[in-house]
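So the sequences go chain by chain: A and B.
The working numbering applies: residue 1 is where the first sequence begins, and numbers increase by one.
The working numbering applies: residue 1001 is where the second sequence begins, and numbers increase by one.
Just so you know, the hints here were simulated from the structure itself, not pulled from any lab data.
Hints should not be assumed to be uniformly reliable.
Said to hold, decoys possible - Just the calculated beta-carbon pair ranges, DEER-fashion: (1) A/Glu19 - B/Asp1244: 51 to 57 Å; (2) A/Ala442 - B/Gln1120: 53 to 59 Å; (3) A/Asp218 - B/Pro1006: 27 to 33 Å; (4) A/Ser24 - B/Glu1218: 52 to 58 Å; (5) B/Leu1394 - A/Ala138: 34 to 40 Å; (6) B/Leu1394 - A/Ser24: 43 to 49 Å.
All C-beta atoms in this analysis are idealised placements derived from N, C-alpha and C, irrespective of residue type, glycine included.
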Amino acid sequence: MSGRRVRRRPEVGPPLPWEFPEASTRTLPNGLRLLLVDLPGQHVLSLRLALAAPPSQEERGTEGSTLMMARCLDEGTASRDATELAELVERHGIALGAGAGERGIHLGVEVTGRHLSPALDLLLECLTEPAFPEREVARLVRHRLTDITHELADPTGLAQHEFRQAYFDPDGRSHLPLGGVAATVRELTPDVLRARHASLSPQDGVLVLAGDLSGVVDPEGLLVRTLGSWRPRSSPTAQEPSPSRRAPDAARLVVVPRPGAEQTELLLGRPGPDRRTPHGWGTYQALAMLFGGAPHARLDRVLREERGYTYGMRLGFRPRRRGGQCMVGGAVRADATLPALQETLRILAVPGEDLTAREVREAADFVAMTAPGRYLTADTVADELVSLLDDGLQPSVVTRTLQELRGLTVEQAAGAWDEVRDGPGWTVVVVGDPEATRGVAASDLGPVESVEGAGPARQP
Amino acid sequence: MPLDLPVAARTLPNGLRVVVSEDHAVPSVSMSLWVDVGSRHEQAGRTGLAHLFEHLMFQGSELVAEGEHMASLMAHGGRANATTSFDRTAYVQSVPRNCLDLALWLEADRQGHLLPALTQENLDNQRDVVVEEKRQRYDTVPYGTALLLLGELLFPAGHPYAHPTIGSMADLAAAGLEDAHAFYRAHYGPRTSILTLVGDLTADEGFGLAERYFGHLEDATTARPPTTAALPPLQTPARTVVTDEGVPSERIYLAARLPAVTDEEFLACALALDALATLSISRVHESLVRGSEVASGASATALGLRDGTSIGLIVVDVTEGTDPAEVEQQLAELLRDFAVTGPREVELEASRADSERSWLEALAGYDERAELLSRAALLFGDAGQVNDHLDRVLAVTGDQVRGAAGRYLVPEAMATLVYRWEEG
């Protein structure tokens, strides 16, 4: 037995100084904007490349071609087939990822410093001479179709799908998932992907390399000689995503049957801000925390801790290029479906003036003070930078947002919340056993639409 | 490639093992507290208690009000979380350096003085939350029953790993307040715990803080159970077929008993699984996913466990229109062939390169580094294992991989779980 128990709660001192890592920035002759961030001790380097190719410009009937094109880049080039490429990637321990967003495609590479050079050569080869071999494209199309059935078999995936259908205007691209639906994915041929690839250009693209650069000889020169040498065959056209449009009748309840489900999935969404909001993007990060970011946040304090309805209910904001959504979601006990939804709507109906100074301050401090830990690793720094730059913002936004959060007042938070609360109403998706959701369908919570049972969502 | 992360370790007089790894990249500290209690320590009829405690530990303790632990840390930019597995319960907190004293004080209060706050009301509420967690993670998702069924196939009834960590809801419903108090007293104490601090502090500061906040704790835990004898590979193939038209793909799980994570052969098994089904150039991907296309996806895992026997798993999604039985047969041929020929050089090279990158990635953040240090201290009895791990991986030869595959990963020694749409 040693020492006496400290009964007195320790004081917390002022935060220690910290700054978001400085990036050295330049624009390469081919138009790529390059950001280099040296992070000593981060031995796995993170490379991110974002290129404009908005899915809103996909030809009708080929929705999903942008994502599929990105995924097929390493499935064969003029010099190597899919297996040879896979061998090259894996012998160097390269983790290669490809995705698509509202503005275009993003490629990510995680690699140790000594394998950076072959990783860059490989990335350049995939970007400049992809072959889109018939066989590999057909295989990835089949895999994507399988993925779609997996997504729809999952209650959260199904709720997201139904939300998109109900919320977005049927004539807009956002009505369909980025990866397309079965009917459009089936139409994706090598030629469609080649046409999509032809629109790629380094012009205004963003390239970020973050990590411990001490062991890499002339990292900037390496990037200039590889990705900086990429000159596309055709000249680029300006590529801005079309704004997503909300459906005029979006404010309604959609009830989706999932017979036998032991829980009901709730998903709610309504218009929210983008990162340029005059209320400050940080204000909304704090509001997300305050409502749906912890067991003691407004939603879980009641739904989880008091009532035991749920394992957790989350609230977050999804920014787009213009506007965005406020999203709330979670799974609740089947027999508590209606009270859980009523309680959720009641909590979300709180006017800004009822927010307390203490909860606003604590939420703002959480977002601001977790920043040093959040931006420790190369991948988090690279992800943040590429998403800001790709959204047309500057790296300094991180620091400015954190400063604004330190000064955030309860009045500012109230104004920001009221703008969401007073805007167009909730689209509510309820996925559950018909028995459990019957009360919702019969309630006076809003116009109700019942979706037909889909059955096992297999490929016909 | 030898790693040289600073690792300092010390045991306090009350038995608490303390590990400190200094790193001043950012002014924050991650703290991982591993308790040597997991679902394998549970008694029959009282399963699920280890995991339930992971929840109860956030409901207040003698000097801390309900919910205050999380709320007060978060208000200062801290985060807290916990996880439970077969072997241990892990509590992790990440805080700005200026908040470290508070985090340690909160942690010590619940690790040593939980019972005054552990009421019937808390117990009932968190039991409800766990029931919802089980529904969300196991009951409402496709293949959610797989882990349970595989445990039953691989382990005899009553084996410490035969039941899943989430436990039985009937057991949880039957557990009373006294059971909960007894469980805490038997398992939570300095002798069963490892405290790891990673980040903006020196080793001496770390040891001093550990002594200050945890030094007074007295230990009343019971002796840890003796090690269970290693189970030999299955002697006869075990098999379960689930008919469920709601799963999105027909799926095959092949599961094997592997040596304990501390056994020399475990790494050879892990590399074998890489070469069989993890890597893009692995046998299963090359032959079944890219080649004959009878599979639409495949993965493999080596789940390292401490108590005699680990778990190896290969998961294959069957392409629609293909008979799962045919895929099973092709898988069996691949396994047999691999056990004879062993890995190709390129597969070994890829597996090593992947191991290197993923290990360094895991060590890149303070949270996961703290977890890996606690894991090293608990499982290997040496926190320095994080620095040698890659050397051990690189030292595994192709012959060793082939030998391990021949012993542990042949079709005859594997349990098979198949999800089918219709009875076949």
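Hint-by-hint comparison with the structure:
The hinted range of 51 to 57 Å is satisfied by A/Glu19 and B/Asp1244, whose Cβ atoms lie roughly 53 Å apart. With their beta carbons about 36 Å apart, A/Ala442 and B/Gln1120 fall outside the hinted range of 53 to 59 Å. For the pair A/Asp218 and B/Pro1006, the beta carbons lie near 30 Å from each other, so the given range of 27 to 33 Å is met. Checking the proposed 52 to 58 Å range against A/Ser24 and B/Glu1218 shows it holds: the Cβ atoms sit about 55 Å from each other.
At roughly 39 Å, the beta-carbon separation of B/Leu1394 and A/Ala138 lies within the given 34 to 40 Å, and the hint holds. As the Cβ distance of B/Leu1394 to A/Ser24 is approximately 35 Å, the hint placing it in 43 to 49 Å is violated.
Checked against the numbered hints given earlier, the structure breaks hints 2 and 6 and satisfies all the rest.
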